[in-house]
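Taken in order, these protein sequences are the chains called A and B. If you're matching positions, the first sequence starts at 0 in numbering that gives the first Met the number 0 and goes up one per residue. If you're matching positions, the second sequence starts at 0 in numbering that gives the first Met the number 0 and goes up one per residue.
Since the hints were made in silico from the structure, they are not lab data. This structure is a prediction, so every number in the text was calculated from the model and none was measured. Keep in mind that a hint or two might mislead.
Said to hold, decoys possible - Only some residues are given here: those of chain A computed to face chain B with a beta carbon under 7 Å:
1. L21
2. L33
3. D37
4. R39
5. V61
6. V185
7. T208
Each residue gets a CB set at the ideal place from its N, CA and C atoms; glycine is no exception.
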Amino acid sequence: MNLPQVADAMQTLFLRGPSVTLRMIILVILSIILMTADHRWQHLDTVRNTLSYLLFPVEYVVDLPIRLYYWGQQNMSSHQTLLRENRDLKDLQLQSRVQLQKLDILEKENERLRQLLSATPKTPEDHLIAEIVSVDVDPYRHFIVLNKGAKDRVYKGQPIIDAHGVMGQIVYVNALTSTAMLISDVSHAIPVQIDRTGLRSVAFGAGQTDYLDLRHIPHNADIRVGDKLISSGLGERFPRNYPVATITNIDRDTGETFIDVRALPMAQLDTSREVLLVWTENHQQILTGMEQIEEASDQGTAETADDDTAQQESTETVDGRE
Amino acid sequence: MVASNFKAAGLTIFVAFTLTIMPLPDWAIEFRPDWVTLVVIYWAMAMPARTGVTLAWLAGLMLDVSHGAILGQNALGLVLVIYIVHIQHQRLRVASLLQQAIVIFFLLLLKQLIVLWVSGIVGHAPHTWLFFMPCVTGAILWPWIYIIVRDIHRKCGYSAPY
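Okay, chain A solo, but in the shape it has when bound (with noise of 0.2 Å):
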């Protein structure tokens, strides 16, 4: 045995018993920490971006050869199959565009009308396509991947619906990427209604892709098997009247409470390839506005009974702080 040899072995013997279950009794309690931080406050997005841009690599080359894929899918379709396309495409859009005459007319009315009975006019949206890319996440949780991040003005909370209703809403916010919550997810609600009657309830993900549960709905409900709901604007994080899913099951059980209805998400949860984010126009005022209650609330100005002059109060004490 030569010298670096037992040097070596020396330090695998000697270097490393205290040192390790110090070590680890550090690690245990920075993870405890973390946790912690992550679930009481939220604070933790920024280590979460960093880490996200060394994983940025891994999902880029899990996801390379399904885009390889359409890629290749739609350099090799043939001649007839664009042309095949392209008609049937025209047609939809000869369709949709006699739809949407009809809609503009009645958006028109809708406005004037609701001009005469002075309501708030309806906020306009935008829209940016994203697509999912292909990577697996936790197996019992909800979640995809959008290959749209902050960079695209992505912002946390934002919601994600598909061509046939809502899908979820934003829950991470990376530069590159950003992870999104399906509405089916166990720790997800969304405010719904009825759109045969206003019937407004929250309906709550189950961890399955084929319903979600509407709870609290008392027996003398008017709700039907094959009732529409739609996305009701309270919570203001989703926009108004998007469809969210249709009534498959109501079982009236009288020993219970309340009856458990169960909804099938309109959204193609497990299949949709592309997802379009919306942005609401009133979403900075949304987020002003909470800013400014939480400041209100800082300086315990809350309790005044105006809102308006609460507002003032805590705009003139961040000037006054400045």
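Since chain A is already given, all that's left is putting chain B on it; use the hints.
Okay, now just chain B, sitting in the frame of chain A:
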């Protein structure tokens, strides 16, 4: 040689992450072994002086980010598992592949239990026994993973007697 060792470790961990987020058909999702944990266990066994709990913690954090889980959940599990591997690595090395696989099963079970415990506290624990399936598939696949990673390790200039 040290640099090439780290190159081998980096490469195998990268591949493990790729396998972790690679899309699988719906029926196979629950059976996906915990690739990252298995590979990190190998490195903790093979190079205990150089790779240890800190690497495990970082890999665990990356797993949390890739799963969209609460930060620290997988990191905590991996640190504890790797700590056990680290203090027992001399016994594990001389054990047969079958014996190793049995130990690996219990180590993976410990990690899944920690992850389950944390998800329970946060409020979305999965209600199915399939949650423990990765422990079984991981233990079954261990001999092959061990041999493949060891071969990569040797290709990168490592020549140990075992």
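Status of each hint after checking the structure:
no.: 1; hint: L21; verdict: violated (10 Å)
no.: 2; hint: L33; verdict: holds (4 Å)
no.: 3; hint: D37; verdict: holds (4 Å)
no.: 4; hint: R39; verdict: violated (10 Å)
no.: 5; hint: V61; verdict: holds (5 Å)
no.: 6; hint: V185; verdict: holds (5 Å)
no.: 7; hint: T208; verdict: violated (10 Å)
Going down the numbered hints, you'll see the structure goes against 1, 4 and 7, while the others check out.
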